[in-house]
Amino acid sequence: MLKVRVQEDDFDTTTEVAALTHGRTDIGAVATFTGLCRGEGETLSALELEHYPGMAAKQIETAAKAAMERWPIDGMTIIHRHGRIEPGEQIVLVIAASRHRDAAFDGARYVMDFLKTDAPFWKKERRVDGTDAGWVEAKEADDKARERWSNAP
Amino acid sequence: MLKVRVQEDDFDTTTEVAALTHGRTDIGAVATFTGLCRGEGETLSALELEHYPGMAAKQIETAAKAAMERWPIDGMTIIHRHGRIEPGEQIVLVIAASRHRDAAFDGARYVMDFLKTDAPFWKKERRVDGTDAGWVEAKEADDKARERWSNAP
Amino acid sequence: MADAPIERKLLYFAWIRERVGIEQEYVALPGSVSTVSDLLDWLKGRGEEFAHAFEFSNVIRVALDQDHADHDDLIGDAREIAIFPPMTGG
Amino acid sequence: MADAPIERKLLYFAWIRERVGIEQEYVALPGSVSTVSDLLDWLKGRGEEFAHAFEFSNVIRVALDQDHADHDDLIGDAREIAIFPPMTGG
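Chains as they are written, first to last, in the working numbering: chain A, 1 to 153; chain B, 1 to 153; chain C, 1 to 90; chain D, 1 to 90.
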């Protein structure tokens, strides 16, 4: 079971976990990851997340399906927001449900690492004084995080 | 910020995540793990979780503090239930909040691995027909999962 | 008789969009453009804004019909070509 | 003059508790018991239930004042000694 949503609205983790596990008694482990907007020492007023609508969901699905083939994962839900997001607000949610905890942890982490490098979203920072602080630069660490899955068992 | 609770009552993930991150804008990543009671193909009616009250919280705190020293973790919440738990119900919750996703994932997983081998809880299985199906046996895989943290970077 | 050139939809995102000043356009690529790299070179020559946007074309990412492509990949009959900086989602 | 023997609280959990038939008791350990391993041997000799509970004592875990101990650790002045099978929490 795979659910991918790209949306402006916020989400609720408990609701999404419940939707994924409701009525099932074969799931023993649920790992979630939530990415939040940081305030960068009170200097940031908001992130503006631009995205490529069709491709965003498609790339997320590709990453999720790869995770579900690689590990015994029974269900995943991935939600990525776009638009204006303020410090402390949620940006992304990845849920992986499995019989076993290792698969749940690995699956959620794998999808997050691929999201960072392969999902077409771009963050622009808006300062507290209203000025444009430019586009967030991609991190080499994220490329490395993605690459480690090529070598890992 | 570390919160450890050992309780009979159920818990709500969104509420616990919100309590940990409320009013903070320095947290960019929240990883959670929820352990659920599996039905084992409809044969299990419930788990009965016995625990050693004082030591349970103490061992969980020890594991959480070790994680918080090892990685840049800004907050953790760990809740472990005891008593009767039916298939589909939640048993344990681990939340790790950090600036960065790797620390959040590693911290949550580390605590889960130590919980499995070091926290004084014991599970007895109760069958659907009411009979006692005996005590769950400890898994060698859990010892191995715990050991990997001694070698990992 | 040669086939009529395919009309392609080009999409620009983030700072590339800001620099070229448009979100999307329809173009017919000249016959000399066969790879992604050829496309980026051709775009660079389309005026000042494009020269600015594609100045450091080695960092620029391209998707063909919503799949990531390498710079030496052939464009083939892709109808939707998206051009963007490295992604920063998640 | 020798010190009076320390009174220790012994706690039993899970199938060990079921086999010995009690949850906890207060005992003064004989002078011959100095390590966790000595304790398990001594407990084994306290009757049929104990012999059954401590039959495979190598798998049994012991905590001294709520900290995990190895079988060759000294009991020292620990007041609360818990005896249990491998844990299955989480």
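Among the hints, erroneous ones may be present.
[To be verified] In the BS3-like style, the derived pairs of lysine-lysine whose C-alpha atoms are separated by at most 27 Å in a straight line are:
| hint | chain 1 | residue 1 | chain 2 | residue 2 |
| --- | --- | --- | --- | --- |
| 1 | A | Lys58 | C | Lys9 |
| 2 | A | Lys123 | C | Lys9 |
| 3 | B | Lys144 | D | Lys44 |
| 4 | B | Lys144 | B | Lys58 |
| 5 | C | Lys44 | A | Lys139 |
| 6 | B | Lys124 | D | Lys9 |
| 7 | A | Lys124 | C | Lys44 |
[To be verified] Covered stretches of chain A (chain B as the covering partner; in silico rule of three or more C-beta atoms under 8 Å from a C-beta of chain B):
| hint | region |
| --- | --- |
| 8 | 30-40 |
| 9 | 59-73 |
| 10 | 94-106 |
[Stated by the list, open to error] From the derived model, a few chain B residues whose C-beta atoms are all more than 10 Å from chain D:
| hint | residue |
| --- | --- |
| 11 | Gln7 |
| 12 | Asp9 |
| 13 | Glu40 |
| 14 | Glu50 |
| 15 | Lys65 |
Please keep in mind that the hints were generated in silico from the structure rather than gathered at the bench. Quick caveat: nothing in here was measured; it's all calculated off a predicted structure. No residue lacks a Cβ here, since even glycine has one placed at the ideal position from N, Cα and C.
Hint check:
1. Using a Cα cut-off of 27 Å, the hinted pair A/Lys58 and C/Lys9 holds, with the two alpha carbons roughly 18 Å apart.
2. About 24 Å separates the Cα atoms of A/Lys123 and C/Lys9, which keeps this hinted pair within 27 Å; it holds.
3. The straight-line distance between the Cα atoms of B/Lys144 and D/Lys44 is roughly 30 Å, outside the 27 Å bound, and the hint therefore fails.
4. Annotation: proposed proximity of B/Lys144 to B/Lys58 holds, straight-line Cα distance about 22 Å (limit 27 Å).
5. Straight-line distance between C-alpha atoms of C/Lys44 and A/Lys139 comes to about 26 Å, which keeps the hinted pair within the 27 Å bound.
6. In summary, the hint linking B/Lys124 to D/Lys9 is supported, as the alpha carbons are separated by about 25 Å, within the 27 Å threshold.
7. Taking the CA atoms of A/Lys124 and C/Lys44, the gap is near 24 Å; set against the 27 Å cutoff, the hint holds.
8. Here's how the region 30-40 of chain A fares: 10 of its residues keep a CB closer than 8 Å to some CB of chain B, so the rule of at least three is met and the hint holds.
9. With a threshold of 8 Å between beta carbons, the proposed coverage of the region 59-73 of chain A by chain B is violated, since 0 of its residues qualify and at least three are required.
10. Judged by the Cβ-Cβ criterion of 8 Å, the region 94-106 of chain A is covered by chain B as claimed, because 5 of its residues qualify and three suffice.
11. Every C-beta of chain D lies more than 10 Å from that of B/Gln7, the closest at about 14 Å, which supports listing it as non-interface.
12. With a closest Cβ-Cβ approach of about 17 Å to chain D, B/Asp9 is found to remain outside the 10 Å limit, as its non-interface label requires.
13. Against the 10 Å criterion, B/Glu40 stays outside the reach of chain D, whose nearest CB is about 14 Å from its own CB.
14. For B/Glu50, the requirement that its beta carbon stay farther than 10 Å from each beta carbon of chain D is not met, with the minimum near 6 Å.
15. Every CB of chain D lies more than 10 Å from the CB of B/Lys65, the least distance being 14 Å, so the non-interface label holds.
In the structure shown, a violation is registered for the earlier hints numbered 3, 9, 14, in ascending order.
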